[in-house]
Amino acid sequence: MTLDQINQELANLANSGDPVFANAANQVAQMTAAAQAGQLSTEDLAELLKDMQRQLDIIDDMSQLKFKETLNTIITGLLSLAAVVP
Amino acid sequence: MRRLLIILAVILLPGCALYDAYMMTGFDPNEYLLITQIRVDAKQYKTQCAMPMATNNAVTISYKTTLFETYSQGLPNNADVQRAAKSLNEIAQGLVDSYGKGPVNPLFCKLKYGSIENSAAVMQVVIGNRPR
Chain A
97 MTLDQINQEL ANLANSGDPV FANAANQVAQ MTAAAQAGQL STEDLAELLK DMQRQLDIID
157 DMSQLKFKET LNTIITGLLS LAAVVP
Chain B
7 MRRLLIILAV ILLPGCALYD AYMMTGFDPN EYLLITQIRV DAKQYKTQCA MPMATNNAVT
67 ISYKTTLFET YSQGLPNNAD VQRAAKSLNE IAQGLVDSYG KGPVNPLFCK LKYGSIENSA
127 AVMQVVIGNR PR
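Note that the protein sequences, when read in sequence, are chains A and B. Residue 175 in the working numbering sits at position 79 of the first sequence, with consecutive numbering throughout. Residue 37 in the working numbering sits at position 31 of the second sequence, with consecutive numbering throughout.
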């Protein structure tokens with residue numbers, strides 16, 4: 097993947113309408129721009145990109161938890177209904 | 007009717023997900039407070055990266071992320087938050103490690119706190135929505 101393609105993908109994510117992914121894409125764009133301008137060392141950039149991976153893992157874990165919360169609401173609602181309906 | 011509802015639930019919902027969701031840890035005010043504190047601290051510390059207190063700030067936030075990870079480990083049926091807390095703690099520990107190696111670039115510090123703040127914000131919303 098070329099740098100232009102990466103920048104295009106980042107722009108697509110930033111305009112995806114999802115605030116979490118838009119924020120992440122903006123962060124990566126800021127990091128790569130700073131590294132290209134010599135404001136960040138390669139070592140710092142590598143650590144920050146690892147953090148982005150960790151952030152994506154967190155988003156994934158929280159998406160699963162959110163799904164379980166929705167299920168829990170449905171189950172609780174069904175049990176309440178089952179308790180009152182003969 | 008009751009039997010129909012239960013059969014409907016069993017058919018519509020996958021077994022493991024059903025069990026996990028039913029047994030999930032409910033809202034824990036301490037867990038919610040800790041992740042809120044981490045988010046607020048990161049937001050504040052992000053503006054102090056070029057100030058003398060920057061090293062102390064990094065140590066303070068890493069202590070809180072360690073506390074959050076350790077606390078979440080003690081709660082049963084809490085695997086998703088435990089994994090996320092571990093990742094969040096790794097981000098914070100990376101910042102402390104950098105201060106241990108020598109002077110830290112304020113931009114690096116600012117972006118690190120940005121990662122912590124964004125992650126904590128995502129976690130705060132989901133943890134706050136847990137069943138009460």
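Take the hints with a grain of salt, since some may be wrong.
Unchecked claim - Facing chain B, according to a computed beta carbon distance under 7 Å, are these residues of chain A, among others:
1) L109
2) S112
3) D114
4) N119
5) A130
6) Q132
7) E139
8) E143
9) L144
10) R150
11) L152
12) M158
13) K162
14) E165
Worth flagging that the hints you see were computed from the coordinates, not collected in a lab. Idealized CB from N, CA, C, for every residue including glycine.
Hints, one by one, checked against the model:
no.	hint	result
1	L109	violated, 14 Å
2	S112	violated, 16 Å
3	D114	violated, 11 Å
4	N119	holds, 6 Å
5	A130	holds, 6 Å
6	Q132	violated, 13 Å
7	E139	violated, 9 Å
8	E143	holds, 6 Å
9	L144	holds, 5 Å
10	R150	holds, 4 Å
11	L152	violated, 9 Å
12	M158	holds, 4 Å
13	K162	holds, 5 Å
14	E165	holds, 5 Å
When held up to the earlier numbered hints, the structure conflicts with 1, 2, 3, 6, 7 and 11 and fits the remainder.
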